[in-house]
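Student: Chain by chain, the residues run as shown.
2 protein chains.
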Amino acid sequence: MKKGNMLIAQSGGPSMVINQSLVGAVLAARELKAVGKIYGALHGIQGILDERFVDLRKESRKTLEAVANTPSSALGSVRRKPTPEDCQSIFKVLRKLEVRYFFYIGGNDSAETVHIINEEAVREEYAIGCFHIPKTIDNDLRENDHTPGYGSAARFVACAVKGDDLDNRALGGVKIDVIMGRNAGFLTAAAALARQEEDDGPHLIYLPERPFSVEGFVKDVKAAVKRYGRCVVAVSEGIADQDGTPILAKFTQEVDSHGNVQLSGTGALGDLLAKVVKEQAGIKRVRADTFGYLQRSFPGIASATDALEARLVGVAAVEAAVSDEVSSGSVAIRRKATKKYGVEFAVIPLRLVAKETRRMPDAFINKAGNHVTQAFLDYARPLVGVLPPCARLGQLREG
Amino acid sequence: MKKGNMLIAQSGGPSMVINQSLVGAVLAARELKAVGKIYGALHGIQGILDERFVDLRKESRKTLEAVANTPSSALGSVRRKPTPEDCQSIFKVLRKLEVRYFFYIGGNDSAETVHIINEEAVREEYAIGCFHIPKTIDNDLRENDHTPGYGSAARFVACAVKGDDLDNRALGGVKIDVIMGRNAGFLTAAAALARQEEDDGPHLIYLPERPFSVEGFVKDVKAAVKRYGRCVVAVSEGIADQDGTPILAKFTQEVDSHGNVQLSGTGALGDLLAKVVKEQAGIKRVRADTFGYLQRSFPGIASATDALEARLVGVAAVEAAVSDEVSSGSVAIRRKATKKYGVEFAVIPLRLVAKETRRMPDAFINKAGNHVTQAFLDYARPLVGVLPPCARLGQLREG
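Protein chains in written order, with the numbering used here: chain A, 59 to 457; chain B, 59 to 457.
Hints may contain errors.
Put simply, identical chains are the same to the list, so a pair is met inside one copy or across any two.
As the list claims (entries may be wrong) - With a cut-off of at most 30 Å between alpha-carbon atoms, the simulated DSS-like pairs for lysine-lysine come out as follows: (1) Lys91 <-> Lys284; (2) Lys425 <-> Lys333; (3) Lys139 <-> Lys336; (4) Lys280 <-> Lys95; (5) Lys139 <-> Lys280; (6) Lys284 <-> Lys139; (7) Lys284 <-> Lys154; (8) Lys139 <-> Lys333; (9) Lys280 <-> Lys120; (10) Lys333 <-> Lys397; (11) Lys139 <-> Lys154; (12) Lys336 <-> Lys91; (13) Lys277 <-> Lys60; (14) Lys342 <-> Lys120.
Keep in mind that the hints were calculated from the coordinates and are not lab data.
Produce the entire structure from the sequences given, and follow the hints as far as they go.
Tutor: So, in structure tokens, the structure goes:
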């Protein structure tokens, strides 16, 4: 067993359960003789560069458990891809602190950061274990059945669309809900979990995995209104045209250091689609909501399964780091092939999850490209858990 | 005790607990010998005009209880102010059904509808009891301490801003949250309940009760960023300039039959304010979310106090209707002057709640007009209940 100090940080977009992973890793490490000091860097690698740390051995178990159940990143976050110069500065600090274990909780960009740091460390023969702990509400990490953060965000989306569908049923018209997800439609697809009866919304779901055409959209909405007398649409913020240009990219220019266009924190896409439906489908009452940051930060509604798994990937990363088997890697979640839902964890090479993302498999998307399949519902339900019960009057039930 | 059939309907914007009032009234009426048939009209007075009804004696208690806990208006809703011709058509239907008791659940516009129908009935000497059951997430009914629907919507807002503030703390910048409320700032003000420590957001709150100036807003944001290193702003969709023109009215033209401009279902105001902060305060990361319809329809998070009171105003309306004391009225909620929170119900003349609304009292708004006072927090807390606990690491706590 290799002995040394540990540093942990959080990166990228927060989630409802990313603190579970932090606390899982910290509490596991505190039990281990191999781990000395436990530094928490504030705002990811920025906190290493700025030498801003907290001592995670100092925090009481009670505080840590309360933090675990709190949304967002307790250590603060950052979106920063380290340059070779950054790596040099980072190593200088890490060597000074005698850090032997480095853990970084985040998505594919964060995995890329760990990968870059690990490669540099190997090159410099700096013996530091570099581990990525998965987190993303987008659910787009490769090699994972699903990722911590997704189940809770999906639960928010499913609840929100369920309530919104009831609202639309009461007042009619067309309602468009814009949901997070840059390249992958998993979170938007979760809106389908809101459906209990055949005529429940969402009646249409548009994913970034299928090219979005305004004509097709208007035609679909008209058909749904004809059939149901109203229409609820779930649409990903990342929908793109035939050429792969995000529909929203035409309206915004902000780009982060990983080259991503800002898609969230604006109502522009929803308003654009609402305008199209009003004008081209001739429907008067059209409303659009953009769920925005609430999807990843709403307190008190995390999926229990998601919270538990987020905790366990933190533990698994620490266990892998102190073992003699690997010196770097990312913890991946694999679903057991059993009938009853269950998962197991694997430690995989960083390059397999870094940078590139995965998208929804074809089997999860219907042929028309405007809804999901039963296979997706079966996939997502155990991650999200049972939703709050909603009921209609018996005389108003379908059929 | 006057005997006859009863008709009940829902009107205006749905809420998380409007079905509690429906079920409260129906279950109370089912116990009474004075009440014969119980008609539920679909989509408010539109359902009377179209003669679309359900038989509310037919629904099982189990179904009704499940419906009570379901957001939105189970009977459907409408925004329609009855013309004198509508009243004639309505009476024709009500007389045919031998309706002796008419209950309408909604806000000030719905109270106006009941008032119009009652006045016509008096003129025509049609002996029908006309009762308004209060509901509005805006909390703007006159003569009421607060109104059913508000506590639950306020709970959503407080939770959402709490999570969003944690999210902003992790990634920094300025976050603007646009909250419902046409003329009254009560719902926006509820964002303040999110605060636990002095440096928690929302750092600024803008209400329709105070004129909004772009210059003042930019100055406030700059000062907050200087002080906290970041800034979370809660702003009412109904903010208006010095002349009383809604800021958003410059961007939309849609008007309903009560003369209200459409403020919800668009992200335009948030995007406008974000643009202003980016350009005039020179801050790079600025995001805006418009909470939209989720505020009134999110399942599973209703305030327990709000749900109970919504149930009880339904019961109180039925009890008043079958008594010999009044032939029309609205149920108003009065807060007891006791130290421990409690309410009592009064039946008041319809004209006192119809049409005109109330606004936040001055005592609830700070001197600068950009936040709320302790008096507001004391007022709102019992209506909203205890929020999900959120915690920071001990070393990152203020002071």
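Student: Now, for every hint given, state plainly whether the structure supports it.
Tutor: Now the hints, each set against the structure:
no., hint, in the structure
1, Lys91 <-> Lys284, "neither (67 Å within a copy, 44 Å between copies)"
2, Lys425 <-> Lys333, "within (27 Å within a copy, 40 Å between copies)"
3, Lys139 <-> Lys336, "between (42 Å within a copy, 24 Å between copies)"
4, Lys280 <-> Lys95, "neither (62 Å within a copy, 39 Å between copies)"
5, Lys139 <-> Lys280, "between (45 Å within a copy, 28 Å between copies)"
6, Lys284 <-> Lys139, "between (49 Å within a copy, 27 Å between copies)"
7, Lys284 <-> Lys154, "neither (68 Å within a copy, 33 Å between copies)"
8, Lys139 <-> Lys333, "between (38 Å within a copy, 27 Å between copies)"
9, Lys280 <-> Lys120, "neither (54 Å within a copy, 36 Å between copies)"
10, Lys333 <-> Lys397, "neither (46 Å within a copy, 51 Å between copies)"
11, Lys139 <-> Lys154, "within (22 Å within a copy, 74 Å between copies)"
12, Lys336 <-> Lys91, "neither (65 Å within a copy, 50 Å between copies)"
13, Lys277 <-> Lys60, "neither (63 Å within a copy, 54 Å between copies)"
14, Lys342 <-> Lys120, "neither (53 Å within a copy, 37 Å between copies)"
Consistency note: the structure conflicts with the earlier hints numbered 1, 4, 7, 9, 10, 12, 13, 14.
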